[in-house]
Each structure stands twice: as C-alpha cells, then as structure tokens.
Amino acid sequence: MNKGRFGGPFHMRTLITIVFALLSSGALSQEGKDIEKLAFGESDEKIEAIAALVASGTPKAAEVLQALADGELYTAGKRVLMVKGDTATDAVTGEKIASVPDEKEDITVNNRLRRELGAALAALKLISPQVEVRRSSVKELLNSAEPAMLPLVRKALAAESDPQIKAMLGQIAAALELRSEDRAARLAAVKKLADSNNASTKTLLLGFLNEEKDEELKSEARKSLSAIEGRLAWGERLGVIFTSVSLGSILLLAALGLAITYGLMGVINMAHGELIMIGAYATYVTQNLFKGSAHFDWYLIAAIPVAFLVSALVGMALERSVIRWLYGRPLETLLSTWGISLILIQAVRTIFGAQNVQVENPAFMSGGVEILTGIVLPWSRIVIIGFALFVLLGIWLLLNKTRLGLFVRGVTQNRDMASCVGVPTARVDTWAFGLGSGIAGLAGCALSQIGNVGPDLGQSYIVDSFMVVVLGGVGQLAGTVYAALGLGFANKLLEAWQGAVLAKIAVLIFIIIFIQKRPQGMFALKGRAVES
Amino acid sequence: MTSARLYGPKGWALLGAFAAFVFVVMPIFNLYVPQESSFHMSTYWVTLLGKILCYAIVAVAMDLVWGYAGILSLGHGLFFALGGYAFGMYLMRQIGSDGQYRQPMPDFMVFLDWKEFPWHWWNSDSFWWCAMLAVVVPGLLAYVFGYFAFRSRVKGVYFSIITQALTFAAMLAFFRNAMGFGGNNGFTDFRRILDIPIATPQMRMILCATSALLLIGVLLLGRWLVTSKFGRVLAAIRDAEARVMFCGYDTMYYKLFVWTLSAVICGIAGALYVPQVGIINPSEMSPANSIEIAIWVAVGGRGSLAGAALGAGLVNGAKSFFTQNYPEYWLFFLGAIFIAITLFLPQGVLGLVNRFRKS
Amino acid sequence: MLKRRGVLKVLALSAALAAAGLTSQTAFAQTKTIKVGVLHSLSGTMAISETVLKDVTLMAIDEINAKGGVLGMQLEPVVVDPASNWPLFAEKARQLITQDKVAVVFGCWTSVSRKSVLPVFEELNGLLFYPVQYEGEELSKNVFYTGAAPNQQAIPAVEYLMSKEGGAAKRWVLLGTDYVYPRTTNKILRAFLHSKGVKDSDIDEKYTPFGHSDYQTIVADIKKFSAGGKTAVVSTINGDSNVPFYKELGNQGLKATDVPVVAFSVGEEELRGVDTKPLVGHLAAWNYFMSQKNPVNDAWKKQWAAYAKAKKLPNADKPLTNDPMEAAWIGIHMWKQAVEKAKSTDTDKVIAAMAGQTFKAPSGITSKMDEKNHHLHKSVFIGEVKADGQFNIVWQTKGPIKAQPWSPFIPGNDKKKDEPDGKTIITK
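Chains as they are written, first to last, in our numbering: chain G, 619 to 1150; chain P, 8 to 366; chain A, -4 to 423.
Among the clues, some could well be false.
Computed far set for chain A versus chain P, every beta-carbon distance over 10 angstroms [unchecked claim]:
#1 76
#2 80
#3 82
#4 118
#5 190
#6 302
Covered, in the sense of this in silico footprint (three residues per stretch, anywhere, with C-beta under 8 angstroms from a C-beta of chain P), are these stretches of chain G [as the list claims (entries may be wrong)]:
#7 780 to 791
#8 910 to 924
#9 949 to 961
In short, the hints are calculated from the structure, not lab data.
Backbone N, C-alpha and C fix where the C-beta goes; we use that ideal spot for every residue, glycine too.
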C-alpha cells in the first residue's frame, strides 16, 4: 500500500467541511481516506474501501459508490472528481469545481470490482423508501450477499413491509445464517430455505450437507433440497417449452411468407431468405432515422410497416420482371430466384458493406421476466411469439375475409376457372407474391432483434423455412404452423439431450424420412389427380 | 428402329481433337517444352483444366438425371464429396509419416489421440479398396435414398428439397470431428498416389489426362444410354410420367437406375478431383455448391451431355476470370447468368449456338 | 446429329484459345515492380472478416510505395478473391505464385484455408504471411504466423480468470463452434485446467454448428451450470454466431459480474453489429486493442481512418482497427525489412532475413519475429467490453511472450522441435 499518496489533500481540507462533519471529524476523514483509496488504490484496496464505505452507510458514501458504478468518478492529479454532465464535484471535499479539467482519467473498474460495487450499492439501497429500488436491490443480493451484510439484511428485514421483498430478504438472511454458530438459527435457516427457488441455494445446501454434523439438521436439509429440486425441475421444463415455442415462432415467421408464395402459388422462391434480409435492413435504416430522437424506442413500431412495404415492393418487382415468365416451371423458378438471391446479397454488401450492422433493441425488448430465479423469459422472445401470432392472424383474416384472399384462393385452386369468372389472375399473382414477400420482410424485422443483420442473414434461414413448408404440406397455413412448432420442439428437445449439432442432423433426417411416408406433407390438399 | 449413331462424323472429329489436345499437345507443351520457353504450358493450367474436367463430369452426370429424367437434384455435391472422401482416405494413408506430427496416422487422428483407425478406415491403405469405395458408397447411398423416394413417388420440387436436406445433414455430420473425417479441415496435404509423388508435373498431367479420359468415357456412355430405348423411356418419364406408367412401364426402376448411375459417376469424379485440388472438406456438401452444379447444366444446355460439360467449363472459367479481375462483381455476374439463362435461353448456350446455325 | 458438332467445335476452339493465351503470359514479367499477392476472401461467408485485411494490406503497400518502395522498386499488389471456397484458395495460391510470380502472399483467415494452400506454398517454395490467431499444431518453413498461437491468447486469458482479480473462477464452460480451432483450443485448455487441479466435472465443453443462431438452450445450460460455483465461459464461437449468443446472454440476464465470458474471436469489428450495453464487462483476449494509448497506435488509427475515407470504404464513417489488422500490418512491414536486409525477394533469403526482425507495433511493444519458430513474440492483453464497443484493458502480460506452436499441453508435442524441421517436398 502506497501511503505516500494520501498525504497531500488532507491538509487542503477546509474548515467548512469539518464544521459540516460535526458528528465525528475522525469518521469523515476516514471516509475521505476511503474515497481516495477507492480512486487510487489497487483492486484489493479498492474493495476494502468499498466495504468500509458500505459499513458507514452515509448518503455520501452511497453517492460516491454510485458515481463509480456509473463511470462518473474520475481522477485528476491527486483529486477525485465526480463528473455529472458539465459539473464536477470534488468527491472528498464535496466542493464544486468550476470547469471539468481536461486531463481527467477514468477509474478502471473490472468485473471483480463491479461485482463488489453492485452488492455494496444493493445493500445500501435495502433501506430505500421506494419499493422498486428495494426490490431490485434484493434481487441483486440474492446471489451476491456476503456474511458481513447480515446485520444490514436483518435490519432491512425488520423494517420491510412489502411481503414479496420480505420473503426474499428472509431467503437471503437464511442463506447467510446457514453458517451461524447457533444450532437453532441454522435449523430455522435450513427450513426457511425449502421455500427457495434459486438454483444456487441448491449448491449452498449441498455444501451444507457435507459440513454439517448434526443428523436432524441434515435430514431437514435433505427435505429442503428435494423441495427445491422439484421446483427447479419444473422451472427447467417450463424453460424448454418456452425455448421450443420461441424457436417455433421464429421458424413460423420465416416460413409464413414462403407458405404463401410456394404453398399457394407454387413458386419456389430461393430468394425468400434475401427478402427477410431486406426486411432486416429496412429495420436498420428506420432505426438510424430515429437515432437521437427522444422516441427512439418507437422505431420498431415504425419499422414494421416499412419492412413489410420494402420487401413487398422488391418482391412485386421480382414477380413482374422475372418470376411471371416462369409460372408452371418450378425448377427453372428455383434456379432464377437463386440467381436473384445472389444479386441481392451482393447488392446489399455493396451498399451497406460486408460487415454486420447494429440494430439496437428498444428498451422494452431488453431484459426479461423472471418466472423463477434463474429462469428468465426474455422480452424479445415473448414479443416475437406475440408478433408471430399477430402476423398469422393477419394472414388468416386476409385470406379468408377479404376479396383479395378470395381471389388468391380461387387462383390457387383453379386458375383457368378463376380467370373465366373474371378474376384478374396476373394481378392477383403479383399481389399475392407481394404479400408473401412482405411477410418475409416482417420476419426480417423480428429477426433483427435477436440475431445478426448482415448480407448473409437470409442464407441461414432459407433451408429451414423450406423444411417447414414442405413438412407442413403445400397450400395449408395450419400445416405450416404445426410444422414450425413441431420442428421447434424436436430441435430443442434433441438439443438438450444430444447437443445442437446432432439435433440439427437428426431433424433433417427425420424430415427426409417423413417425406417418404407422406410425400405431400402433413396436410395435403386432397385430390384425385395423378400428378400435381 | 435404327440404333442411333453416337455422334456424327464432326462430333467424333471434335472429340478426337479434344483427346489429341489433352493427351498429346498438353503433355508436350507442359513436360517437354522447357520452362523458360514462352511456349511452355504451366502446371497451373494443367491442374486448373483437370479441376474443370472433374466438374464437367459431374455436370454430365447431373444432366443425365435432370436433362433426361427430369429429376432435379440439389444434392449432387454430396455424391461428389463422398467419392472424394473415400479416395481421400487412401491419399491420407499415403502421406505416411510425412505429416505435421511425423506419425503414421493422419494428423487429425494423432491430434484426437486416436490410437487405432476407426472401423470405416479399414483397409484404407489399399488403392483398390478406396477406389471401390469411391464408386460403391455414393452408389449405395443413392440407391437406398432413391429407392425409397421413388417408391413413395416423391417428385419434382419435393425431391429437390429433400436432396438438399440430405446434403445439408451430411455436411453438418462431416463437420464433426467424431465422424473421423477430419472435421472442418477435412483432408489436405496429400503427397503420393501408389507411392508416386503427386507434386510433380508428370503426375498432375496424368491426373488431368485421366479426368479427360473419364469425361470422354462418360460422354460416350451417357450418349449411348440416352440414344437407346432406355433413354427414350427416360425422356418420356420426364415429360409425362403418369402416361408412361399407364403404358405398363415401372418408371421407378428407370429412374432409380439413372439416379444411381449419376451418383456413381459423381463419386468417381470426386475421387479424381481431390488429388488435383489438394483438399476435400465438408463445404463441398453445402447446398449452394449443389445448386451451382445445376447452373452449369442449365448454362451449357439441359438435355445435351456435351452442353453440360461445356457449361461447367464456361461457368468455372468465368469464375476464375471474375474472381481475379472483378471480385466484387462475381456474384452479380453469376446471378445474372442464372436469370438470363432461365428466362431467355432455356436450351442454354448450346441452344443459342444452334439457333444461330439455323438462321 | 448436326447440333452436337457445334459443341465440340466450341470446346476445341476455347481450348485452343486458352492454350494460346496462357503460353504468351509469362513474357511480360520483366518490369520494375515487385508483385505481392493478396489472398483474402472478398465474397462469401468470410468476406465479413477478410475484406478489411485486404484493405489494410493495400494501405501498407501504398505507404511503402510512397516512401520509395522496396529495393528501389514499387510494390504491385495482385488482389484475388478466393470467395471463401477452400479449393479455390489452393488454385489462387498456385496462380499467384506460378502465373503472377509474386514474391510473397499475404492472406488466409480460416484454418482450413491455410491448410488448403499450405501444400501449394511448400511445393512451389512460396512465402505466406498468415495474420490471424489460430490453433497452432503446425509449423511450416514457408509460412510466417503473425497472429497468436494458443499460448499467446487462450492460456493467459484463463489464467486471468482464475486469478482473484479475474473473479477466481472454479468452473468452466468451454463453448465453441464445431471446428478445428475451438476443438484444439479447448483441448489445450482442458489439459491446462487439469494441470491446475480443475476436475472434469467442473468443465463443460459444448459445440454448436456453423451459423448457429439459437442460443436459448445453451445460455440456460450455462446458467444452470454456474449455480454450482463461480463459473467463467471461454468462447471460441465463430464470427456470425456471436451476435445471437451475446444478445441471448444479455436478455436472459446473465451479467459479466456473474458469469464472465472471455472470447478469442470477438474484437472491435465483430462488436460493430452488436448493441454492447448489455455486454459491458465481458472479456476478450487479444494482442492488440484499438483503445490502446500509445503514439504508434494513434498514428496508425489516424492513417487508417484517412485511408478508409479516401478509398470510400464501407463504414468509413466509423473506422475500426483490430488485432488481425495489426498482425497483417506487422507482417507486411517485417517482410519489407527482411527483403531490404536480404537485398533480394528470393524466398529462402527472405526467410533467413526474417529471423529476429523487429517492428514497432501499434500494440505499443516492439514486435519481434522469433529467430526460429516463425511466430511473433506478443504481449497479451485482456480487455473488458465497454458500452461504446471498445475495450478497456484490465490486464496484460509483463512483456512479450514467445509463441508455442506445439502446445506442451498436447501429449507428444514435447518431442517436437520449435522450428520448421526442414521437411522437404517429395518430388522424386
């Protein structure tokens, strides 16, 4: 420890601060020392300083620690500064400084420090008057509480009125009291922990079982353990179901557009993936327009119609210029649309560069809901599941309740007949293709929230989406939905069992075998034609 | 019924000219004209031609199933790669102890701490065994796959999609180290065939000439096949399968035969390809590669075997040219070919040539 | 049968044309330039990473030419695009060496591309500079490896995470894309962890396929695993899969303070497409970070920004530098110095002159090429992701570390020599 460093500023301390610190000038100078240790010390010293500051529990300590956590604490020469916007305050003396010095330096915070800091701040906030602040700090402490915090936790527990927070505090206190000398306290703690749904409690209890000598306590601990394990197993099952549904919803979004262009119109659109990619880039461009605005989070809402329209327009242009001439020649369509996809990829690469572009999640899409401690359902996934349902509903309404839908279905079932009764089949084709492409754009908008946005985005979804459509059967939306969810579940269950690589292979082989059994997919249109 | 001639006199003459070029002109300019001479033909061109000839063989095989039987496979790269891997096993064994680790086993096995060869490497130090595997493995896979698919009357686009799924699944499987095929790095660093070093102009010339010989053989065989009665039944299946069935033909076996034959030809081409390019890895099985094979055929002219071979040459020649001179435009160009050919030249370049000749 | 003849005619004609064209090519090689080959994928899946390496190499060539070239001759870059296609890498390498007669080639990114061209360089006695961190287990006379070997990246990173400062991790998730670099690195790390007393039950090795984008299960598993004790994740996930992985980490609330992730393939360029706010505190281990403060780096960054702007490169508005770019930069400059020392571009003479070359690198050290093993001595830096996508260096080695291409943690390697062992190409 480099004591020499601390010499200077102490003499600078003004009378005023001493007057303000009437309570005990010794404690204050101790606090000043701690703050300087925090700023200039090595990691170990910094951590000591944090502990000392937390123990003092003064508002100033909280303020300094918060500033450090937020990256607002700097050093300039021998001074420690808190910089908020354009105003700087000397952290030790509390004195305002007229101008922020240029040669200020960051105080490096690494993970170890950040962890200590997080726990310290949480502990300080346990007695905050706001319920939400207390709730978040209790959550933070669930995994990071340390024995030294026990008195603080007890104090907070006594004062807490919110039942949920109180229960969590009880868990924290119990976890800390497992190491208590007092047998009764340990017994109470073990019993209390049976209510926990935190995976790390399990580890804690397992360790406790190894160390504890008392048989009665041990059997109690085992009881608690099995209760926790049962709950955790449920959580896990729930998690698997959620991830399966989530994967299924992504497959569904990616495949829905294809189900229309391929399923209803018989066009093999290998450029489908690139239409998804275009939707994602449309989202990116929309986001950039919203950058810096106060309503940044709303860009996603604006991006939905933009992505739909851009992809739909590109799709309609393709239909008019290329695909139109190839109706009834599915294999040729396949090749020419593959060519289109290459051109689209290279075009995007030329315009936006080969690198991925950054699409930020709006605030309401980050984070997640915690259904059990450790099982978090991310908002982005939940929103996408909802979005998939919304798109599905939209398509269903469009196909079944509108005139365009009627035409599309008519043309699908019997083109000649539809033409005879006056349906403008060529125009219907264009609209339907535009619709399918637009939905691909919507998928791109959704996918931009969870993955890469780059020129190759579409390539990674094209095989999967074809599998979904083929498995589901041509011409049936219901088939597509079942196939997407089915593949989602198959993939996720197998992945949990055999790893991601084998799961993917197994699913592909399953599809190959399935098609042998039912060459028209799960839901084939019934008909008597020898050739379809 | 007259048995149709394989080729007309001009056709034979051109084939002969091609053979003369590969078997006589190239060896002279490559091996016997000294390197300093401006008439020397560099070994680079020999390996490049050898590679393109292998692609041409694959294109002919593809044309047999697509152009004549109407089955579009998006998984022919798999058969090609399997042939390559089968023969690659032999080439790996021929490295002997000259690998990075200086041990008798292939480097990747040494690295994985394998003490003995996995079962599928049995007898892999035998040239003939591996050569046979290069034929049998793709053939067998194609037969089994085709048997079930054709029996269930999976056809058209469905068939194309499941062949794509097949090659995709195989690619993922071969990426795994546990498969015993070197994972993502595949097989490289080949040194000898039949104990003769590969990295000599003579050996490269021999490999190139063998590829040319095989191409000529495949062209003749394919030509004979499609001009026979068998070929006409195939074409009938392509145009109206149901009617052929109603005439009493069991179309399944016709399709199965030509499908399996095509896979076998691809396997042999793969076996010849690997020593010439010096690497085989799972990306040969990527769906995009297989689609590219279809475009070779479409460019050259579907339904004409020589056209398919020509298409492979043209597209790969263009690829070599563009990726050197205009790297950014290669994909634009390739994509434009796809579209232009399907829209304007359904008979490919050959169709264009014929149209000019007529007019 | 008339139709068929046309084909063959065309075929023969084109062959004849080709033959005529190729024979006349070599006649023009006598100009006052030195040709250097640039072999990076500009299209296909690897374009995302390799394009900038081409650009930085061209920038170096421009700079060298502006200062009078090498041995009084200008450098003439020959840029080819192997299109992320491995056989094409070998073909292009052969073309560069035999047709264009380049003195040296700068190129490759993936291990498989290097493995593909290696026999060509050895056969034709060419010279390759390979600028990317890789798995080691290779040493060729014809290659200079300017990226890190595993002991210059992976092992220091794990040591850091084991230390008190790094969080004293007890359990390890080794997560990677299923190919040779992650497999090798993880094998080395597992052996290293064993040597530090970590049990197999505390190591969880996981692989995902190329292009994997659904990390829900994996992140949930990491979470479960981490409940058993202080856990760190060592990620060798390849390129494109990183964004979905990090997004999932952030969304499932797995913070760096709970479970830090250290990555070996994630740098400034990879983070460009990521919203980094949820990732603050996750780590990367490299031999160079853009955020390093030293005069060499400042000048280099400025030069790159100006170059990107002048050439209207994509992303010129936000020019980034990263570790492989630095390695490529060092490579070409060292080659230049070696040529000047050897007074020749002859491969063997340049190889001899490369031994012990030094260059003031943007990473702030004087980079030295080892006298024997064809690898650079490198300092290792551990950086934490900052909210702006840059890295905050939290730890670094005392000085440059010598590369160990043959990792001592792989059995049998103790017998390997630390230099190319003069293996000759079998041509007889």
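Quick check: the segment 949 to 961 of chain G, covered by chain P? Criterion 3+ residues, Cβ under 8 angstroms. This one holds; 12 residues, not fewer than the three required, reach chain P with a Cβ under 8 angstroms.
Find the nearest Cβ of chain P to the Cβ of residue 118 of chain A and say whether that gap is larger than 10 angstroms. Violated: least Cβ distance 4 angstroms, not greater than 10 angstroms.
With a C-beta cutoff of 8 angstroms, work out whether three or more residues of the segment 910 to 924 of chain G approach chain P closely enough for the coverage to hold. violated (count 0)
Taking 8 angstroms as the Cβ threshold, is the statement that the segment 780 to 791 of chain G is covered by chain P upheld or broken by the three-residue rule? The restraint on the segment 780 to 791 of chain G is violated, since only 0 of its residues have a Cβ under 8 angstroms from chain P and three are required.
If I take the minimum Cβ distance from residue 302 of chain A to any residue of chain P, is it greater than 10 angstroms? Residue 302 of chain A is indeed farther than 10 angstroms from all Cβ atoms of chain P, at 18 angstroms.
So residue 190 of chain A supposedly isn't at the interface. Is its beta-carbon more than 10 angstroms from every beta-carbon in chain P? holds (17 angstroms)
Claimed clearance of chain P by residue 82 of chain A, with the beta carbon kept past 10 angstroms: Check fails; 4 angstroms does not lie beyond 10 angstroms.
Is residue 76 of chain A truly not at the interface, in the sense that its beta carbon sits beyond 10 angstroms from all beta carbons of chain P? Given a closest Cβ separation of 3 angstroms, the condition is violated.
Is the nearest CB of chain P more than 10 angstroms from the CB of residue 80 of chain A? violated (7 angstroms)
Hint violations for this structure: numbers 1, 2, 3, 4, 7, 8, all remaining hints satisfied.
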